[in-house]
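Chains B, E, C, A and L: place on chain H using the hints.
Protein chains: 6
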Amino acid sequence: MDNKLTHFNEEGLSKMVDVSDKIVTHREARAKIEVHMDKDTIEKIRQGSISKGNVLAVAQVAGICAAKKNYELIPMCHQIPLTGVDIKYEYKDYGIEITSIVKTDYKTGVEMEALTACSIAALTIYDMCKAIDKKMYFTSCRLVYKEGGKSGVFEND
Amino acid sequence: MDNKLTHFNEEGLSKMVDVSDKIVTHREARAKIEVHMDKDTIEKIRQGSISKGNVLAVAQVAGICAAKKNYELIPMCHQIPLTGVDIKYEYKDYGIEITSIVKTDYKTGVEMEALTACSIAALTIYDMCKAIDKKMYFTSCRLVYKEGGKSGVFEND
Amino acid sequence: MDNKLTHFNEEGLSKMVDVSDKIVTHREARAKIEVHMDKDTIEKIRQGSISKGNVLAVAQVAGICAAKKNYELIPMCHQIPLTGVDIKYEYKDYGIEITSIVKTDYKTGVEMEALTACSIAALTIYDMCKAIDKKMYFTSCRLVYKEGGKSGVFEND
Amino acid sequence: MDNKLTHFNEEGLSKMVDVSDKIVTHREARAKIEVHMDKDTIEKIRQGSISKGNVLAVAQVAGICAAKKNYELIPMCHQIPLTGVDIKYEYKDYGIEITSIVKTDYKTGVEMEALTACSIAALTIYDMCKAIDKKMYFTSCRLVYKEGGKSGVFEND
Amino acid sequence: MDNKLTHFNEEGLSKMVDVSDKIVTHREARAKIEVHMDKDTIEKIRQGSISKGNVLAVAQVAGICAAKKNYELIPMCHQIPLTGVDIKYEYKDYGIEITSIVKTDYKTGVEMEALTACSIAALTIYDMCKAIDKKMYFTSCRLVYKEGGKSGVFEND
Amino acid sequence: MDNKLTHFNEEGLSKMVDVSDKIVTHREARAKIEVHMDKDTIEKIRQGSISKGNVLAVAQVAGICAAKKNYELIPMCHQIPLTGVDIKYEYKDYGIEITSIVKTDYKTGVEMEALTACSIAALTIYDMCKAIDKKMYFTSCRLVYKEGGKSGVFEND
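Residue numbers (my numbering), protein chains in the order written: chain H, 1 to 157; chain B, 1 to 157; chain E, 1 to 157; chain C, 1 to 157; chain A, 1 to 157; chain L, 1 to 157.
Please note that the accuracy of each hint is not assured.
[As the list claims (entries may be wrong)] Some chain B residues flagged as far from chain H (calculated, every beta-carbon gap over 12 Å):
(1) S20
(2) D21
(3) V24
(4) H26
(5) P81
(6) G84
(7) K88
(8) Y91
(9) K92
(10) D105
(11) E111
[Stated by the list, open to error] Capping the alpha-carbon separation at 30 Å, the derived lysine-lysine pairs in DSS-like fashion look like this:
(12) L:K15 <-> A:K134
(13) C:K150 <-> B:K107
(14) H:K92 <-> E:K15
(15) B:K150 <-> H:K88
(16) L:K39 <-> L:K15
(17) A:K52 <-> E:K134
(18) L:K107 <-> H:K150
(19) B:K150 <-> H:K134
(20) E:K4 <-> E:K107
(21) L:K134 <-> L:K92
(22) E:K134 <-> A:K69
(23) B:K107 <-> A:K107
(24) E:K52 <-> E:K15
(25) E:K15 <-> E:K69
(26) E:K134 <-> E:K88
(27) A:K107 <-> A:K135
(28) L:K134 <-> A:K135
(29) B:K92 <-> H:K135
(30) E:K15 <-> C:K134
If you are wondering where the hints come from, they were derived from the structure by calculation, not from laboratory data.
The C-beta atom is built at its ideal place from N, Cα and C for all residues, glycine as well.
This is chain H alone, in the form it adopts within the complex (with noise of 0.2 Å):
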């Protein structure tokens, strides 16, 4: 396998890989961000899941509209009919850990998508709370999982 960059023409002009001749497959893909974060503010996080001003609620309308955006903010990505989208949110001692989890049926693969939906996800948390922790911050932002296409699967936990 050669590493040439795939998204470049043979001028070295950008371009949107073709994929015409490549089969639907099922696709999955997974990532990760560790959004890092006060004491303080993790706990007001916390206590307004359980009664009123959920924040998780709104970062996960973020982070799954952002999926279905993916196209229009990475410019070589593909149109890619998203079959499912969803997020999960883990409190850790540093904040919480989102993973998001983005599904196809498609000629080309998700990754992008994923990691688009929890670092918009991630910035909608940091956006709600921003008046009292500016400091909140994101770290280990990654593909952790990818399935389909013929690259087979791929794994990154």
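The following block gives chains B, E, C, A and L in isolation, referenced to the frame of chain H:
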């Protein structure tokens, strides 16, 4: 200053915070993100920048356009007419550090626009290189500077 | 049949329902909305339709474009490639009845696309006439027909 | 006051009305819509609001984002930078009454933004509940309040 | 006056030019495009304009909406709140000449909005007529007028 | 073959043509546009392409993204999932000739996507260079090739 989350109404549902009474001032925000990658990938990006296949030229457009699109991505963000957006890239041992600089003259700040710009620029680099380096990851995504508005200058580099 | 709301995951957050295993079938949905207005406004719209100033020609474009944009408006909707959209207008004593007809060949139905199309067509009529009839209102907005998919034909005229 | 439709040019084609000479003032608009549904569906929404599965939290995000997107939906609307958007829900015997409140400081009003916000919030409730209550319908969608600009206060509750 | 391309930063990457220090003035731009077509196609469009099937009514909406969407299409353009958009059509021997007129009160001009508006109006005419006249083509697309801002009036008719 | 405009319904209002019964085939379309400019501007673009300030790299991203966005711009166009987009630039005496190549596997063709891609690429070149060459203009924008679907191959170079 109490720590109430400002983005919720009295019923506990999210709202777009009313900034009608705030005054228009010049505002600026900067955010950073680190893109960690293989040595080989760094080298390919560097070569492309000076010959054919400029990954950063594509990331640049994606990041700037994402700043303009921020209000569509982060649900409670205001529609802020940006007066300037730029993004810088610095080669590091681990890969590339991205810094976004966003400006406006408006009633509320552009932190989210800066964070979104560098996140989407980073994701675009991933997209352009994922065929050769699927384990690339993002870290230390954070607001590093903010000026303008009542809360004054914020620095977090 | 149990009444669980299908659009939430086990943590109680919204999700885009997984339709990966559903089969592609032809699907169609129709929705209606009534636009109530002054006698004088009806007359102005009718005259414009046959001479200069066709309000319905603008509403038509708005409604059709809104059907295509539905997945960006209703957060948990899938991106459905529509194979046909049309909108009909019938003059009534109270104003205008709008009927949208939306078609696809996909894994899930187009009810929301039909409802969005006629809602936005109605709002566009309001926008074009609000300078002369601010009290115009919309009523009886509903799904009237649906076919395709496991649940069969639904009629509610 | 003559009743000419202001949104058409001399050739009878639609135009975006020229507001260059209008002055910037604070403006506000409120709209309402009634969502009629089964008793059982009301109960499910109410339960979800206080435990898991908050339909209104999703509708809230959808409605607020739709207000920002209004200028893309209603063809002749201006791009108005909104300074605040909120949406309220009141349980009724027939279902839920939705009230949107939209604010700006601009040259033209936000009636359409308010109407679009409550329409899309209502449609989102339908989407989230349509698996259990396909006959849900919308009625009495109307502008109820408007202030700011030359035409003064309008009330229609 | 030196001829440096203003849309690039010191690293040679594109940027959204910083207009923070520019003052808000009234600005206007006009652009033209010629749509060349078969005699028969001209006749069909003309007939539709006065009876059923008004191609120009659809092109009008498309062109006006494209002006509002310009900042999403041309990557380095600012988000400019337009205060007025109109488009005129003149029948010619060769087909139709389209003229767009775009206005704003902002820190930077609306040349691109005017060019985009008439380009998309022209493309919409093509789309509506391509089944009968695939060889239709566009020519002489250009900025014809510009006023407002430091550079004063520009005329190029 | 009769010359009826297919994009209108029986009432004379525009519609999205029903392609439900058409079969999915591989389709391709190519369009061209000529960008006429000063000798000096050509030289600046050429220099930037090989050192810093690559105008064509920005136009490339804009054109490809516009192809994906075509269905939002041209009102009656279907949402077509594109399988490949590329754009080529050839230096000429008069300036630059742009050729777009768009592919899909779908029920209807991608002529409009190809025309939109090269139009927006051209407009982006204008935007990047308008500070030095406001009289730049576009000409000979046309469909040059189309294959796939019932009507077979079309050539118009």
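Could you check that no beta carbon of chain H comes within 12 Å of the beta carbon of S20 (chain B)?
holds (17 Å)
For the pair supplied as a hint, K150 (chain B) and K134 (chain H), is the alpha-carbon distance within the 30 Å limit?
holds (15 Å)
K134 (chain L) and K92 (chain L) were given as a pair; does the straight-line alpha-carbon distance stay at or below 30 Å?
holds (19 Å)
According to the definition I'm using, a residue is off the interface if its beta carbon is farther than 12 Å from all beta carbons of the partner; does D105 (chain B) meet that for chain H?
Nearest chain H Cβ is 20 Å from D105 (chain B), so the label holds.
Has the given pair, K15 (chain E) with K69 (chain E), been kept, meaning a C-alpha gap of at most 30 Å?
Holds, at about 19 Å.
Between K134 (chain L) and K135 (chain A), does the CA-CA distance stay at or below 30 Å?
Answer holds: K134 (chain L) to K135 (chain A) is near 29 Å, not above 30 Å.
Confirm or reject the statement that Y91 (chain B) sits farther than 12 Å, beta carbon to beta carbon, from all of chain H.
holds (17 Å)
Is the hinted pair K92 (chain B) and K135 (chain H) satisfied, with a Cα-Cα distance of at most 30 Å?
The hint holds at about 23 Å.
Verify that the Cβ of H26 (chain B) lies farther than 12 Å from every Cβ atom of chain H, and report whether the claim holds or is violated.
The claim stands: H26 (chain B) keeps its Cβ more than 12 Å from every Cβ of chain H (closest is about 19 Å).
Between K107 (chain B) and K107 (chain A), is the straight-line Cα distance small enough, at 30 Å or below?
holds (16 Å)
Holds or violated: K39 (chain L) to K15 (chain L), with C-alpha atoms at most 30 Å apart:
violated (45 Å)
With the threshold set at 30 Å, check whether the alpha-carbon distance from K134 (chain E) to K69 (chain A) stays at or below it.
Between K134 (chain E) and K69 (chain A) the Cα gap is close to 28 Å, so the pair holds against 30 Å.
Hint compliance for this structure: hints 11, 15, 16, 24, 27 are broken, all remaining hints hold.
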